[in-house]
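Chains as they are written, first to last, in this note's numbering: chain A, 1029 to 1376; chain B, 418 to 1181; chain C, 6 to 204.
Mixed in with the good hints, there may be bad ones.
Calculated lysine-lysine pairs in the DSSO-like style (CA-CA distance at most 30 Å, straight line) [as the list claims (entries may be wrong)]:
id, chain 1, residue 1, chain 2, residue 2
1, B, K772, A, K1228
2, A, K1292, C, K37
3, C, K184, B, K478
4, A, K1228, C, K37
5, A, K1376, B, K916
6, B, K738, A, K1376
7, A, K1373, C, K184
8, C, K37, A, K1376
9, A, K1376, B, K772
10, A, K1372, B, K475
11, B, K916, C, K37
12, B, K475, C, K37
13, B, K667, A, K1373
14, B, K684, B, K706
15, A, K1228, B, K478
16, A, K1135, C, K184
17, B, K1008, A, K1228
18, B, K738, A, K1372
19, C, K184, A, K1372
20, A, K1373, B, K738
Beyond 12 Å from chain A on every Cβ pair, some chain B residues (computed) [said to hold, decoys possible]:
id, residue
21, L427
22, T432
23, R925
24, R1163
Derived DEER-like restraints, expressed as beta-carbon distance ranges [claimed, not checked]:
id, chain 1, residue 1, chain 2, residue 2, range
25, C, K184, A, R1104, 37 to 47 Å
26, A, F1238, B, R525, 15 to 25 Å
27, B, T958, A, A1139, 38 to 48 Å
28, C, G130, A, M1227, 16 to 26 Å
29, B, R525, A, A1139, 36 to 46 Å
30, B, P1028, A, R1230, 33 to 43 Å
I should point out that these hints are in silico values taken from the structure, not numbers from a laboratory.
C-beta: ideal position from N, C-alpha, C; glycine also.
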Amino acid sequence: MTEPPAAKPAVALRATAAGTAVSLLLILAIVFGSRRLKDFDSALLPYACATVFLAFGVAYRYTVWISSPGARRLFRQGWRSLFSAANFRRAPTALPRMAATYLGFQKFLGARSHARWAAHQLIFWGCLLAAAITLPLTWGWFTFTSSTGSGPGYEMRIWGVKILGFDSLNVLGWLMFHGLDIAAVLVIPGASYFLWRRMKDRGAITGQRFAYDLVPLILLIVISVTGLLLTFSSIFLHGGGYEFLAVLHMVSVVLTLIYIPFGKFFHIVQRPAAVGMQLFKYTARQDEQVFHCRRCGQPVDTAPYVENLRGTMRDLDLGFDAWAEYCPRCKRVLRGTAYLAHVKKGYK
Amino acid sequence: MNRLPLDPSLAPPGTRNFRDAGGIPADRWRADQDGETLVPTHCCFCGVQCGMYLRVDKGGKVFGVEPRNHDINRMRLCPKGINAYQQINHPDRLTAPLLRRSRDEPFREVSWEEALDHTADEVRRIQAAHGNDAFGLLGGASLFSEKTYLVGKFARVALKSRHVDYNGRLCMVSAAGANKLAFGIDRAANPFSDILLTDCLLIAGSNVGECFPVMTQYVWGARDRGASLIVVDPRETAIARTADIHVALKPGTDSAFFNALLHVVIKEELDDEAYVGAHTTGWEEVRDKAMEYPPERAAEICGVPAAQIVEVARTFARAPKAMAWHARGIEHHSQGVENCLSVINLCVATGNLGKPGAGYGTITGQGNGQGGREHGQKADLLPGGRSIMNVEHRRQICEIWGIEESELPPAGTSMMEMVHQMRRQEIRGLIGICNNPFVSLPNYSTVKEGYDTLEFHAQFDFFLSETAANAHVVFPVTTWAEDEGVMANAEARVVKHNKAQEPPAGVRTDTWVICQLAQRLGAGDKFAFAGSREVFDELRTASAGTVNDYYGITYERLEETGGIVWPCPSTDHPGTPRLFEDGRTAHPDGKIHMQVVEWHPPMDPYDDEHPLSLTTGRTVAHFLSGNQTRRLGALVEQTPRPWVEVHPSHGFRNGDPVRVVTRRGREVFPALVTEAIRPDTVFIPYHWPVPTAANALTIDALDPRSKIPEYKVCACRIEPGDRIAEVPAPPTAPGQVAYPAAQVSRTDPLPPTSPQGRGTAERG
Amino acid sequence: MMGRTIFIDPGRCIGCQACVSACRECDSHRGKSMIHLDYPDEGHSVASLPTVCMHCEDPVAPCAEVCPADAILVTADGVVQQADTTRCIGCANCVNACPFGVPKIDLQAKLQMKCNLCYDRTAYGLAPMCATVCPTGALFYGTVEELRAERPGVQVADSFTFGDVVVSTGVAMVVPADKVQWPVPGGLPIVEVNGRTVR
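The task is simple: from the sequences and hints, build the whole structure.
What follows is the structure, given as structure tokens:
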């Protein structure tokens, strides 16, 4: 399958600039967040480097993405709706509610299939938890220190500031230390379900690509399993095989981070656009700006949306943007009528 | 302002709806790659008998359909055929016998023992008090041939009653009568594949595009090869729309039209004198009668231009090879047999018979419309197409069945006549197998009265039909995919249906139920059949040596060949796809017996109160009484309800409530206003029960010979109505409701976009 | 241009909707029918028009071009796929930009769906479900040579006009011999004559 054509030189330049800027910002944040690398754990350097690559890649891809006419226009409309003060006054809860349903609880996935929704929720919350723990640790923003050297009393510090102290032997402490294990336990069943489904479900198999659809699932499972094995090794095997597992774990994490901007995981970055789109349509619906089909009078979509789409079509030199004022059924019926009138009425 | 939903999305009609997943929520449809079996079989519906594979999962359940490259249909399927498999594991299935002592009580689920014992007790009670003939049996033509054979044998040997008939009486009997009279053999003369070879195809009274959609490929194939197409139909149906000539005649005038064609043929000397001279009797009389029908006279009767009649006659008679096919449109008349004879006369007079691409055929409506009439469930027939009035035939059958000739009852009466006998209490008990007369018989109020008068009534069915819902006992039986058996399609090609899955718990085969009842009635030794295979072996023997000879057809041969056309007298005989190739018919003299046909007006007279013709028919998404198809979500979505089709000249707008009034009833339907129908004719499809039943309005006048009701024409008027009657939900077993997901659109008051159904964008 | 593809002949269509039911049986989207069947001559005749995705070639699938999420991919053999489930945000741009009125949208699932020429079947050499079952050959799958073998002399066209714009497609339509030089009208009504609105 062919992805959309490669970015134009000007866009590529802009994207490179954005990528560079964002990765530099991240490096600065790491340096200052870790109190000039005082809190930085050099063992985590490969992870930190991968996140810098990730930042570059995401910023680059994002810039290319929103440079295409369709995305650019919707991007602008989405932000315009978001920053409209009038909007906020009329429906202050709309945005948080949308974000919660679409991005958090992903209700739309339930409409596709309940099992897929459940599995995706497991992966989503598992990955979120894992990212929330590992990224600050990697960047040296979080530290856990023990005044006694090896516990059980620990202090958690962010940017060097003490946030809380806890006992590693109580529930909170156990949770703090095993957050990543919990994340793995969430991710493994979710990713396994998807992997199983990709072996079995004919709908999913159609057009399935190894690198795009299977690799990310395999990576998630490898990360989670090796992560759990690390814990297993340290508790039950007294560190047996720890080093090998640690390398394997690190390699899979680094690969995943680098993969994000280029593969399936980019949807994590893209998906918030759905909220922007919803907000844009929501705003217009509040003013009852509904566009009706020129021919049959049935609602097509909101009027600003149709205008926005026509603009996109003009940007793309699609010379039939006026056709967007007709609903799909009327387009087909008009084409059918034209065929009957001008091509052939009957059999011959 | 209404509170805006958080999801503000809009989408135009026709882009957003997936509510048509055949009654199964779309997100629960899956296709897993974990091994499935394809069971080759055929469709359960119409007389084309398309081949199909049923997809069976590892658990042994049918879950889908896959096209099959069978000779008949070459992978083509119609919407009914594609959705047919959804009946098999449908939630509305009956899974326990239902019983009640009186119609005032609700049904209760009982054991098979109780239901069978009670039925046998009632049979004995009624027959002891009122004689054997007081108990009747009504079969169906969607049963496998084995089962139709059992129906006839059960009536004569176990019930010992003369009163047996079947729902083919409402369907194919006129053609059967005409075939018997003219040829002495009752089946289409040519296979479908001959259509591809013809130069002129005349289709009379058949909406092929909707009733036999897959047959359209043969019609189009002929046209691709240069054939001209003539369609005779009061409505501009899908095949009529593009036909070379569409004769939109007034309903009930077919024989006048065909006599006039013959008139032109004779006058312009386009007849085949040599053929007629060598192969026919009765030509002189037929010719003299045809001379009384000049095109001008027929034009007046039929309401079509005389020039068109001449054009049709010339096109048909001048074609090197011409063919005529017809269906219910000319058969459902008080002169149905004569209408068919007038078509036969035209083919014979032009020498178009018994040659590749030249001949005559009738398109059977039910899956086993052909096979169902051959083996003895018809009031006057015994297996092998034998006559129950013929002494020699009676003797032969009594010998096969092992009974005394004196024990074999005489001929019975037809289905509609039996209803009148029920009203007069001449028939007091009835078993119905595979039929739904509350929707399918004409003049509903009479039918209801007849059935309500019965002291005892039992039905066999796999969904609770409107008729079964009125019975005392209901036996839950198998669908076509849960048993094996043969059917004969419109070409008289015998095809084998294979068993794809075990029946649900509590469900038995019709064969088992019939044999159990026979046993309780003391005829167990004559009904010791383990299954269809054993019945078929007896059927083969019983048909050996007759016109309808099945002797050479075995299950094994059918599985190897994909179908054999009878007569097939020996196991090395290839079958007989085309009849009369040697110019001989099945009459003892080998001649075609041409019959004089005189046109007469329909039985329901027109007057100022009833100036229009009401004609009825099918729509593509539904089958017969709709007991099967009205439960399948996709088909309900396509066509949720009936309508009345009217010409714009009556001033109604689409969707207006229109009351249709006949001398028998009045009902309100939404108007489907279209120029594709004659201004003096209105059309209603008949698949729905009262208060939306076309057959509450139709007349129960019968053809004197075939006893077919005159469904296709009665006098009516139309007027603005008030409220459009809602389609009732299909009946279900106690404590159940008809599967809601399949019934979503049933209450939609609008007519479909076109007679074929709602366009995909017009659905909710 | 035309390899193995669908050829549509509305003149042969009987409007039976077998394609609509068959599409629903396709394993890659069981339970959801993507094909459209319209009766454009409503009230006058029973004429019907089946619409599958035309798989536009030039310009490159407008649906894919207007997609803000890069969700619609085109395979090397020219098949315009339905939206990638992870990317599609359900904005309906493709639904309303498609000049043929093809894509559908599941509003609850935030997902566009459309005909993908039964990619799960064609990949194994089978014809798409709709063209397999079509009782009339109104939908035919194969090469133009295979079509001509069955229907001698038949002509096809694979370009459509919408106003001044010509769209070339992967799926073709049957046209009479005397009209084969002209693109098939796409049906876009004339809205202006000499600067005067006639809409």
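Among all the numbered hints in the text so far, which are the ones the structure does not match?
1, 3, 5, 8, 10, 16, 17, 21, 22, 26, 27 and 30
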